[in-house]
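Quick mapping for you: the protein sequence lines, in order, are chains F and Z.
Under the working numbering, the residues of the first sequence are numbered 1 to 305, in order.
Under the working numbering, the residues of the second sequence are numbered 1001 to 1169, in order.
The hints are simulated quantities; they were obtained by calculation from the structure and are not laboratory data.
Model, not experiment: these values are computed from the prediction.
For glycine and all other residues, C-beta sits at the position ideal for the given N, C-alpha and C.
Hints should not be assumed to be uniformly reliable.
Said to hold, decoys possible - Distance ranges between label pairs, derived from CB positions: (1) F:Lys115 with Z:Ala1164: 24 to 34 Å; (2) F:Glu224 with Z:Gln1068: 42 to 52 Å; (3) Z:Asn1015 with F:Lys101: 17 to 27 Å; (4) F:Pro256 with Z:Pro1084: 33 to 43 Å; (5) Z:Ala1164 with F:Lys101: 14 to 24 Å; (6) Z:Gly1044 with F:Ser296: 40 to 50 Å.
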Amino acid sequence: MENYGLFLGCNIPFKAPDIEQSFRKALPALGIGLEDLEGASCCPAWGTAPSFDKPTWCAVSGRNITLAEDRGIDLVTGCNSCYGILSEAKHFMDAHPELKKKANELLAHAGREYKGTSEIYHVSQVLHEMVGPEKIKQNIKYDLEGLKVAVQPGCHQLWPSDAYKIKEDNPYEPTQLRELAEALGASAPHYSRLSSCCGMGGMRTADVEKSLGLFAEKMRSIIEELDPDIIVTTCSSCFLQFDMSQPILQERGLIPKSVPVFYYTQLLALAMGFDPKEVAAISKTPREDIIKEIQSEKRLVKEVA
Amino acid sequence: MAIQLSKDKIDEAINTIIEYGGDGIQRCVQCGACSSVCPGVQAGFPVLCRLLIKKLQDGLLEDIIEEQSSWGCQNCNRCTEVCPQGVRPQEVVIAFRRYQANELAFSTSTVSAQMQLHDIGHAVFTEAGELREGVGLPGKAPTSAYNEKAQEEIQAILDNSPMAELGLF
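Okay, chain F solo, but in the shape it has when bound (with noise of 0.2 Å):
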C-alpha cells in the first residue's frame, strides 16, 4: 500500500467532515494508505498571507510541505484551493532560488526548512492515476448504471497546468472526474459549461449577488442541458456552493429544481458500500432519497464481496 499524508485544509474537516470519513474509508479500501499531517495548518487560503506578501505565503504553505518532507512521503488534498496554493508555492519556490530563500528565512524562525521533495497531489488525481478506473470498478458494490451525472472538477485543479505534476490532455475540457463518474457504472455527459466557475471563493465573500449570478447560469446549463440525477465535484468549496445556493436559487425561482450534489468519495464510499451515516451525512440540499436508490437491492453487484 503506498502511503500519502493527507493534507485536509480548513473547509474539510470543520464544515464537511463526512467528506473527510469518505477519504478515510474509500481510499485504504482501494491500496491508498493515508496518514495525518499533525499540526497542518490552512494553506493559507488565497484571501490570507498569498494577499499580502509572496514570501509569507510560500512560507506557511512551505512549512505544510514540510510536514510530508519529514515523513519521506507525498502529500494528497481534497481541496481545489489548498491543491492550488500549495502546488503553485512549491512551483514559484522551485524555480526561484531567491524567493526559495526569503521562505526559508521565515521557516527558519519555526525550525523548519522548505526542501522541495514531496509532490502534491489532488485526491481525484491519485484515484484518477495511481488507482486507476479498472481497479475502482472492480471495488464496487452497487452500480450507478443508469444514473446520469454532472460533474464539477473545479477551477484549481485545472489552471495553471504548469504548477500541476498530474494535467488533464486539456484543462477547458477536462476528462478525469467524468471517468472516475463512469467508474463507478453512471454516465457522465459534457456540458457546455462543465468547466466554468462555480462563484465560490473570493468572489462569494467580495459580492454574494455576482457570486450567485455566475452559479445560476451554471446550474440553469446542467439542469436544461443533463437534468442529470446527481452533481459531483472534487472541490470542497464547489461542494459547499451547490450544496448551500441551490436553496437560496430555488427560493428566489432561478431554478426550476435542487439536484443532490456529493464529493465524489462520498459517491464512491456509498457504491463501495460505506455507512451513509458516515460518509455523507451533511448537505442543504436533499440526497437522502438518491442515497437509498444508490444502495438498494436491485443494484447490488453479487459477485463482488
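With chain F fixed as given, assemble chain Z onto it according to the hints.
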C-alpha cells in the same frame, strides 16, 4: 476627459506591481485573452484582468486603490493558462491586491481571517467536535487548531513577516 499620462506615475505603478510579484505586467500587450476567460469579468467586476492591467500600465495606481474588483478575483488562473505573452495576469491582479492590502485598503471583514490564521493556523474555523463525532471521527481534527507547537510555529513565521507590521494580529 483624456487621461494625462505621467512617466513618474507609470514608473511608480509598474515598479510597485513588480515589487509585489507581478513582473509579467511588462509583457502585457492588452490582447484581452485574460478577460475573455475571467469568471470575475463575466460576473460583472468592472476592473479586472485586461482593464486592471491597462490602468496600472497608465500609472493609475493610487487612483484605483479603493477598487474592490481585485478582491473578486477567484485566483483560478484561467488567465495564466490562456495568456500568449506569459504575463500570468492573476499574479498582476494579486500583486495589485497586495499593494491595496499593505495600504490597508481592504474590507475590515478580512481582518478576522488574518487573526484566526495567526492564532490557530486556520483562516476558516468553526468548532466542529459534534459534527465530526457524528460521522465517526475524533472530535478534534489533527490540525494546528488543536496543536500548540504548530500554532507557535505559524506565529513565529507570521510575526517575522511583513504582515506583522500592519498590526492585524
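Tested hints:
1. Distance hint for lysine 115 of chain F and alanine 1164 of chain Z: a CB-CB separation of about 26 Å, consistent with the stated range 24 to 34 Å.
2. In this structure, glutamate 224 of chain F and glutamine 1068 of chain Z break the distance hint of 42 to 52 Å, their C-beta atoms being roughly 32 Å apart.
3. Range check, asparagine 1015 of chain Z to lysine 101 of chain F: about 22 Å between beta-carbon atoms, so the 17 to 27 Å window is met.
4. Checked against the hint of 33 to 43 Å, the C-beta distance between proline 256 of chain F and proline 1084 of chain Z comes to roughly 41 Å, which is consistent with it.
5. Here the CB-CB span from alanine 1164 of chain Z to lysine 101 of chain F is close to 20 Å, well matched to the stated 14 to 24 Å.
6. A C-beta distance of roughly 44 Å is found between glycine 1044 of chain Z and serine 296 of chain F, which places it inside the suggested range of 40 to 50 Å.
Violated hint: 2 only; the structure is consistent with all others.
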